[in-house]
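S.K.: Residues per chain, in single letters:
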Amino acid sequence: MVESMDIAYGEITQLEELIDRDSLREVCRSFFELFGLSIRVLSSRGVLLASVHEERSVCQYVNTLSHGRVACSHTVTQAQLRTPEGGETVVHPCFTGAIYHIVPIIYDQRQLGRIIIGPFLPADVTSVPESLLKVDPKIDPEKARLTLAEMPRVREQTAVRIGAHLRGVLDLILFSGHKAQLTSTMHLATVRENYRELGEKNTRLQEAFDKLKELDRLKSNFLATVSHELRTPLTSIIGYSEMLEAGIAGELSTEQAGFVETIRSKGELLLQLISSLLDLNKLERGQLRLNTELIDPRALVSEIRETLLPEAEKRKIKLDALWSDDVPMIQADPVRLRQIITNLASNALKFTPNRGQVQITARLAELHLADNDNDDLDDGLGAALMMAPERAVEIAVNDNGIGMEQSELPKIFDAFYQVDGSSTREYGGAGLGLSIAKSLVEAHHGKIRVESELGQGTTFYVVLPETQPDSAAG
Amino acid sequence: MQVDFQARELTIKLVYYGPALSGKTTNLQAIHRLLTPEGRGRLMTLETRDDRTLFFDLLPLTVNTESGLTVRIKLFTVPGQVIHNSTRRLVLQGADGVAFIADSQVNEVRANQAAYKDLRKNLRENGIEPSSMPVVIQYNKRDLPNIRSDEEIERMASMGHERTYLATATHGTGVMETFMGLIEAAWENLEQQHSLDQRFGLRAEHVLQNLSERISEAVEVADHG
Numbered sequence: 001m002v003e004s005m006d007i008a009y010g011e012i013t014q015l016e017e018l019i020d021r022d023s024l025r026e027v028c029r030s031f032f033e034l035f036g037l038s039i040r041v042l043s044s045r046g047v048l049l050a051s052v053h054e055e056r057s058v059c060q061y062v063n064t065l066s067h068g069r070v071a072c073s074h075t076v077t078q079a080q081l082r083t084p085e086g087g088e089t090v091v092h093p094c095f096t097g098a099i100y101h102i103v104p105i106i107y108d109q110r111q112l113g114r115i116i117i118g119p120f121l122p123a124d125v126t127s128v129p130e131s132l133l134k135v136d137p138k139i140d141p142e143k144a145r146l147t148l149a150e151m152p153r154v155r156e157q158t159a160v161r162i163g164a165h166l167r168g169v170l171d172l173i174l175f176s177g178h179k180a181q182l183t184s185t186m187h188l189a190t191v192r193e194n195y196r197e198l199g200e201k202n203t204r205l206q207e208a209f210d211k212l213k214e215l216d217r218l219k220s221n222f223l224a225t226v227s228h229e230l231r232t233p234l235t236s237i238i239g240y241s242e243m244l245e246a247g248i249a250g251e252l253s254t255e256q257a258g259f260v261e262t263i264r265s266k267g268e269l270l271l272q273l274i275s276s277l278l279d280l281n282k283l284e285r286g287q288l289r290l291n292t293e294l295i296d297p298r299a300l301v302s303e304i305r306e307t308l309l310p311e312a313e314k315r316k317i318k319l320d321a322l323w324s325d326d327v328p329m330i331q332a333d334p335v336r337l338r339q340i341i342t343n344l345a346s347n348a349l350k351f352t353p354n355r356g357q358v359q360i361t362a363r364l365a366e367l368h369l370a371d372n373d374n375d376d377l378d379d380g381l382g383a384a385l386m387m388a389p390e391r392a393v394e395i396a397v398n399d400n401g402i403g404m405e406q407s408e409l410p411k412i413f414d415a416f417y418q419v420d421g422s423s424t425r426e427y428g429g430a431g432l433g434l435s436i437a438k439s440l441v442e443a444h445h446g447k448i449r450v451e452s453e454l455g456q457g458t459t460f461y462v463v464l465p466e467t468q469p470d471s472a473a474g
Numbered sequence: 001m002q003v004d005f006q007a008r009e010l011t012i013k014l015v016y017y018g019p020a021l022s023g024k025t026t027n028l029q030a031i032h033r034l035l036t037p038e039g040r041g042r043l044m045t046l047e048t049r050d051d052r053t054l055f056f057d058l059l060p061l062t063v064n065t066e067s068g069l070t071v072r073i074k075l076f077t078v079p080g081q082v083i084h085n086s087t088r089r090l091v092l093q094g095a096d097g098v099a100f101i102a103d104s105q106v107n108e109v110r111a112n113q114a115a116y117k118d119l120r121k122n123l124r125e126n127g128i129e130p131s132s133m134p135v136v137i138q139y140n141k142r143d144l145p146n147i148r149s150d151e152e153i154e155r156m157a158s159m160g161h162e163r164t165y166l167a168t169a170t171h172g173t174g175v176m177e178t179f180m181g182l183i184e185a186a187w188e189n190l191e192q193q194h195s196l197d198q199r200f201g202l203r204a205e206h207v208l209q210n211l212s213e214r215i216s217e218a219v220e221v222a223d224h225g
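Residue numbers (our numbering), protein chains in the order written: chain A, 1 to 474; chain B, 1 to 225.
So here's chain B without its partners, still in its complex pose (with noise of 0.2 Å):
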């Protein structure tokens, strides 16, 4: 978190990690799409040429709270390519809050298990303990065959601490409760350490009123790869 008095500005920023091709990307798609045009900003993508994100992605997003402070969120994917690791680091670098996208596809178990561990490693690199960071989790691609049952991802994640979403990015459902979801997780680990509504007078519920009341109606997002 940053905050720049001068400017009345708070910003936080936010990632989107997970293995490869699990849709983190298609996910800030369907933000972008989702949210009307005020007070979004452009999805920057830093892709190669067969559409996988080569540093990474980034949808800015501000939200004018009551308190007349401005929120700007700072939305970013990593490159979920094993060979990308350092990339993955210095984009985690100075996260509130971190989504992992996992791929609900039952052989992809191992994968998004070794990006898990991948997101710890890098956290603890960066001086984070792991256990400090806000995590919620997102099963995604829901729409295809071979997928772990939602009765057996409820029953894991009853076992964990993180919220747990369902989503179908290229359709653009579960992709918003994930995103407040995150934002809530991350707010409440920020209030904790610097006091937000008792300084500020800001609180969750103002950005997740505003960001709410900004959802356009449901839009199918292209496929993306």
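Okay, chain A solo, but in the shape it has when bound (with noise of 0.2 Å):
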């Protein structure tokens, strides 16, 4: 059999799986009250779904009557349970004279249910029957005439064209309903069907999240193990230059002091690379422990100062070292701490032209989780208990130099990124320290930020909170 509801032929068999039976009853009794007519609409099962019916006097006084009770029972199941065949109405008779219309309910050319109409008397008759006369020896013959006459009169005609129009009703309500039932069946099958589809695509996803995961890894051990060995053969030629260029080996002449100190220079530069890609493969994986102490942030400006002058007096740039009396002595790590800032002010003296100006502050600031995250604060919930502050220390470094553009900003903690990404370009660096002090940053529980403007200079911003939540925490 078909199903009930399928979406691949679109099909309904039931009637009563469409018709609201409020609204139903209510087309009913507007049909009563136009014609007068007892109306019942049945399914093709058999279930009663609308009937708006009034005990006619006449069937009230047979009613009355213990032989008469039986005929009209016997007669109105009858009629409920008569099926018209072939789309036509049957004319259900009943003793009294009246009779019933049974009008076929059909719906994309199958028969769903009927609808019964009546009992009326047809225009016709105009005596009394003698089926209602001998339908018990007690029939007072007077007083079934009289009530007989109260019954319904409808012509043929009319009683055929009044079946017509409600089933034209019926007809408009069932394809309402049907359309609607697609409709929403149709909506929930979309609906499925895409959450399947999506379903399917976020385990692809995964797939590749999990297979990228694992190349990362791979990356990360890998970068350990290059690392490791190219440290060690690099520690014994910075060694064996050093000890050259201390005469160890006997005099050099000088340009052989010359040779040997660039290769001793370049060398540092590889190990500070390598110690460099350590660092970053080793936050990548959270292994780095801070060893945080109580610092003087003044202190440390101060000294990361001395250590740039010689570079920032060779090209004649102001180096300057600001704070604020109020600055606080913070919790920290002091050889990370001195790592970042010295990054940052180097990379200012870098992209500064000879002649100009970098400085670097200190001062007293405050520090919100909602600087660090974003997402819990959005809607402002919580703002009473999440927008509380914390004592910090902003420790800025500017410079007025090259700049960028807006565009590379949010680019330029990523590792390897380069400003200038070409093989001719004017600035060295591979492109880690940034990514670096970003990370070290963020080990301290702080916040790093950068402002910048195209051929204006840049300023970064680091915030490190007074105290770190668990003291021993790295």
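If you're looking for bench data, these hints aren't it; they were derived computationally from the structure. None of the values given here were measured: they were computed from a predicted structure. Please note: incorrect hints may appear among the correct ones.
Said to hold, decoys possible - In silico DSBU-like cross-links for lysine-lysine, where the CA-CA straight-line distance does not exceed 35 Å:
1) A:K211 / A:K447
2) A:K411 / A:K266
3) A:K447 / A:K213
4) A:K179 / B:K117
5) B:K117 / A:K201
6) A:K411 / A:K350
7) A:K211 / A:K201
8) A:K282 / A:K213
9) A:K201 / B:K121
10) A:K350 / A:K282
11) A:K350 / A:K447
12) A:K179 / B:K121
13) A:K411 / A:K316
14) B:K117 / A:K211
15) A:K266 / A:K314
16) A:K211 / B:K121
17) A:K213 / B:K121
18) A:K266 / A:K316
19) A:K447 / A:K316
20) A:K282 / A:K201
21) A:K219 / A:K266
Please dock the two separately framed chains into a single complex, following the hints provided.
M.R.: In structure tokens:
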């Protein structure tokens, strides 16, 4: 058998699935009020879906008689059981002389139910039929005649037209119901299908993601191994060139000393790069431990200025370290913090033309959780809790150098990223410094950001909390 | 195909596929207009406000055959817009034949090809090998300028397997030919699989004859977007 609701063929087979019984009852009631005829609607399974009827006087009278009651009940039952064949209306007689019209409900060429109209008296019935007078021995012919006269009279043709009209109205209701049902079924099926499709796509994405994660892990391992293997011979190269420079293997000519100096300094540069790679690798794997202690940011910026001063003076760059008196001591890893600020300041020097200006400043600041975790605060919920600031120190490195395009700014903290990625670029570097600085700042639960304008200069801000959430944390 | 022995009914499903705005709904509207009301159901259109098909259109037809079996034909269209792919796949489920409605305009070639690839992909995803699905092709909108010429279409059609028809669905021309061709193509396949002639004494010509007797005089179909 056909399923009751099948998307594949869009069919319906049961009237009760489509019909809203309350609406149907309303339609039947309006017909009843219009024509004064009782109406019952049954599905093909015999389920009574709507019934609006009034017990006629003759029926009431007959039901007071024992034989009459049996006959009446039999007639009504038979009328309800009769199924019209071949789409034609069936006329079902009653012993009172009244009749019922049983109209088939056909939708999409299928009979889904029937409408029972009646009982009513055909217009051509003029006398009290024998069948009524003989239904019960106690029947009063005069009373039978009087009550029968109250039965609504309808001409055959009118009854047919009423049936056809009701059938048309029902057909429209069925069509609308069918359409609504198909729409909602399709809607659900489409949502389910889209969900399934998305699920499959997600699985594929997850697989690709897992593969990439595995590749990333392999890359990290590779970097760690290679860095280690590179560092060992490099230490020898640097060590031996230092010994040569020191004259341990005999006096060197000026030219020889120059060559050895180049070997040593380039070797150190290479060592620095390898150390950076190792740092990055450790940071990515969360293996870097911070050794925090209380440090004075003012002393730190001053020391860094001292270290970089020779390089700045060589290029006539004005290098200043400034701080306000309220800068508090902070808990941080002194080696790593120095690494961060030195890196930013060296960068500033690198990208500032001769006779330019670089400033390192430290001041008391505030750090908001919102600065680090925007997702949680987008909607403003819980702001009274989440916006509570933490005391912090902001160390800013400002230059009036070449600056950067706004579009570059979101990418500069990515590992290996170079603003000028061309092979002929003017400024050297592996593109690791800022990435490492960012990771180190974040390891301190701090925040790093940049402001820059092309041709005007750049300022990096590092904001570090006064205390670390867990003093032993790394 | 679905057989209900109790009701002595055989139901077949035919799907009108093709790119957006190629005239799938217009084809069904034309069939609805061209057939006499007897045995023709209401055309149900599940469309959005801007006349674009949202889920599908459905036109049910009934053919009483000499064999005593009633053949119920369900004509569906799919929504052509790319985003409704899952709906297309759902509507395509259980199809016994496909009429591919192509747009004749020269600049619609890519849209036609993309929709045809989409049909093949969706058939495969429904577990149907595209070569096993009876397909007829209709080049619609023959009344527009900048269309592929009849000769060109004939030459291309001769290289393929599918029956190909020319139509102007807005005027109702070529629509019944495509529909009859689709029934024939679908029937050949159903006959091979289910031996309808042997089992039920049911042949394509019974259905085609009945339908062709029901075609009323050509009526101009109102322009549909």
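S.K.: Next step is simple, just say for each hint if it's right about the structure.
M.R.: Hint-by-hint comparison with the structure:
Restraint check for A:K211 and A:K447: the C-alpha separation of about 31 Å stays at or below 35 Å, so the hint holds. With a C-alpha separation of about 28 Å, the suggested pair A:K411 and A:K266 falls inside the 35 Å cut-off, and the hint holds. At roughly 26 Å between alpha-carbon atoms, A:K447 and A:K213 fall within 35 Å of each other, so this suggested pair holds. Between the alpha carbons of A:K179 and B:K117 the distance comes to roughly 30 Å, so the proposed pair stays at or under 35 Å and holds.
The hinted pair formed by B:K117 and A:K201 meets the criterion: a straight-line CA distance of about 20 Å does not exceed 35 Å. The straight-line distance between the Cα atoms of A:K411 and A:K350 is roughly 19 Å, inside the 35 Å bound, and the hint therefore holds. The suggested pairing of A:K211 with A:K201 holds, with an alpha-carbon distance near 15 Å, which does not exceed 35 Å. Of the pairs offered as hints, the one joining A:K282 and A:K213 holds, with about 16 Å between alpha carbons and a cut-off of 35 Å not exceeded.
With a C-alpha separation of about 16 Å, the suggested pairing of A:K201 with B:K121 holds against the 35 Å cut-off. Of the supplied pair hints, the one linking A:K350 and A:K282 holds, its CA atoms being roughly 27 Å apart against a limit of 35 Å. For the given pair, A:K350 sits about 23 Å from A:K447 by alpha-carbon distance, which is consistent with the 35 Å threshold. For a cut-off of 35 Å, the pair hint linking A:K179 to B:K121 stands: about 29 Å separates their Cα positions.
Proposed proximity of A:K411 and A:K316 is supported: the alpha carbons are some 31 Å apart, at most 35 Å. Between B:K117 and A:K211 the CA atoms are separated by roughly 31 Å; this keeps the pair inside 35 Å, and the hint holds. Between A:K266 and A:K314, the direct Cα distance comes to roughly 20 Å. Compliance with the 35 Å bound is thereby established for this hinted pair. Proximity of A:K211 to B:K121 is assessed by CA-CA distance (about 27 Å); at most 35 Å being required, the pair is judged to hold.
As the CA atoms of A:K213 and B:K121 are separated by approximately 32 Å, the hinted pair is consistent with the 35 Å bound. Of the pairs offered as hints, the one joining A:K266 and A:K316 holds, with about 25 Å between alpha carbons and a cut-off of 35 Å not exceeded. For the given pair, A:K447 sits about 31 Å from A:K316 by alpha-carbon distance, which is consistent with the 35 Å threshold. A threshold of 35 Å between alpha carbons decides the hint, and for A:K282 with A:K201 the separation of about 33 Å falls inside it, so the pair holds.
At most 35 Å may separate the alpha-carbon atoms for a hinted pair to count; A:K219 and A:K266 meet this at roughly 26 Å.
Comparing the model with each earlier hint shows no violations; every hint is respected.
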